[in-house]
Amino acid sequence: MIRVQREDFDIGAEIEALTGGDREIGAVASFVGITRADAGDGPPITAMTLEHYPAMTERQLAEIEAEACRRWDLTASLIVHRHGRLEPGERIVLVVTAASHRRAALDACAFLIDWLKTKAPFWKREETDAGTRWVAARAADDRAAERWQGEP
Amino acid sequence: MIRVQREDFDIGAEIEALTGGDREIGAVASFVGITRADAGDGPPITAMTLEHYPAMTERQLAEIEAEACRRWDLTASLIVHRHGRLEPGERIVLVVTAASHRRAALDACAFLIDWLKTKAPFWKREETDAGTRWVAARAADDRAAERWQGEP
Amino acid sequence: MTLLYFAWVRERIGLDAEEIALPADVQTVAALLDWLRGRGGGYARALEDLSVIRVAVNQEFARPDHAVADDDEIALFPPVTGGARP
Amino acid sequence: MTLLYFAWVRERIGLDAEEIALPADVQTVAALLDWLRGRGGGYARALEDLSVIRVAVNQEFARPDHAVADDDEIALFPPVTGGARP
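Protein chains in written order, with the working numbering: chain F, 2 to 153; chain Z, 2 to 153; chain S, 119 to 204; chain H, 119 to 204.
By construction, these hints were calculated from the structure, which means they are not laboratory data.
We treat Cβ as the ideally placed atom computed from N, Cα and C, and that holds for glycine.
Don't take every hint at face value.
[To be verified] Label pairs and their calculated CB-CB ranges: (1) F:His102 x H:Ser169: 27 to 37 Å; (2) S:Asn176 x Z:Arg71: 47 to 57 Å; (3) S:Leu133 x F:His102: 49 to 59 Å.
[To be verified] If you only want the chain Z side, here are some residues facing chain H, beta carbon under 8 Å, derived: (4) Tyr54; (5) Met57; (6) Arg60; (7) Arg71; (8) Pro89; (9) Leu117; (10) Thr119; (11) Lys120; (12) Pro122; (13) Phe123; (14) Trp124; (15) Glu128; (16) Trp135; (17) Val136; (18) Ala138.
This is chain F alone, in the form it adopts within the complex:
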């Protein structure tokens, strides 16, 4: 299941709605990404705006979720990604994967978040006290996503 939305999400409620009552599930892995102020080599980030191309973003999120379900034996999965303007400390993305066994849930969750952080069709504009700028793509993230090629 995928959702791209402006609103925040409730982790516990999302996990419960996805997995509650399913007796096949033995393992639920989840990941929450949170907006940070730390910019590494620049002034602190005061806000970040995520722009997206709704039809394409939803299609690609659905495709990567289907890919995870092909690679691992998942009972349920969920991607919730926010768009719009986010301030430091705000949740930005949620991935939940449920399976009978822990390895499938953990590996699928890591796979999805690596993809989302690097390949998801979003563009980021960061605000700092020095102004705003569009973030350029990072090679390091592409390498993290490439870890999965050929696996499992």
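Once you have looked at the hints, place chains Z, S and H on chain F.
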């Protein structure tokens, strides 16, 4: 932070209490283990009782959490493990790891749950319609935990 | 043809979407980019470095030699930067 | 000395804990297990196969040659089976 308790836990509330308001956190990984009825090669499990040695269990959980904090740059971590009698569908264990970056949170969470599932000082007695039995240790789980030796 | 622009491509062109009538000799993504750049102004500024321009035809990434047709939805944008910061 | 028993060791011995006075010649974990087994009954049944008995001295796993003393807390149990089922 570690807790061994008989009561259930609330995933969203635990994550919020652990991570809320910390501006260093960019990634929160979590894992929930749930009791399953599926016994693989035997009759379905109707309940499972976890026995533990409180002083030793708490000491070992604290040690493995400290080990995870040495191996990865974590901002916060939590292990909640239940004991007592659990029926299929009940939550049994929660691991939460928070870090600035996703790789530390994901890897530390997988490390902790591998350890908990295999090395945590608990003994399991399973009930089925055919009777009850103590579960024997599994070599496959030892191998999963050994994956971490020498890492990261 | 529907054209969609995102991120700084949108800002430089000054539009988020427009409908155009495709000239008969514009039959590929590369030709479309050339033709748009030829409009000058914000189009020329947005498309001055094609190495940082990505194109989707009907919501799928498309290479320069991909065919374009009058009923396509074509989007121009910079390389995606992923969801969250790493 | 405090002895604690867990899981099926506890069930076979029929106690979860007991206080004993340690004989002077029982100075290691191995000697303690031999001495307990010599009590017969549930002790003999619980300790018939020492390959599936683990021992903790003061909450730390201990090998057969580990020293034992009268003020120790010593726990006997089967190999741990981990928290959840895999």
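Consistency of the hints with the structure:
| no. | hint | verdict |
| --- | --- | --- |
| 1 | F:His102 x H:Ser169: 27 to 37 Å | holds (28 Å) |
| 2 | S:Asn176 x Z:Arg71: 47 to 57 Å | holds (51 Å) |
| 3 | S:Leu133 x F:His102: 49 to 59 Å | holds (50 Å) |
| 4 | Tyr54 | holds (6 Å) |
| 5 | Met57 | holds (4 Å) |
| 6 | Arg60 | holds (5 Å) |
| 7 | Arg71 | violated (19 Å) |
| 8 | Pro89 | violated (10 Å) |
| 9 | Leu117 | holds (5 Å) |
| 10 | Thr119 | holds (4 Å) |
| 11 | Lys120 | holds (6 Å) |
| 12 | Pro122 | holds (5 Å) |
| 13 | Phe123 | holds (5 Å) |
| 14 | Trp124 | holds (4 Å) |
| 15 | Glu128 | violated (13 Å) |
| 16 | Trp135 | holds (5 Å) |
| 17 | Val136 | holds (5 Å) |
| 18 | Ala138 | holds (4 Å) |
Against the hints set out earlier in the document, violations occur for numbers 7, 8 and 15.
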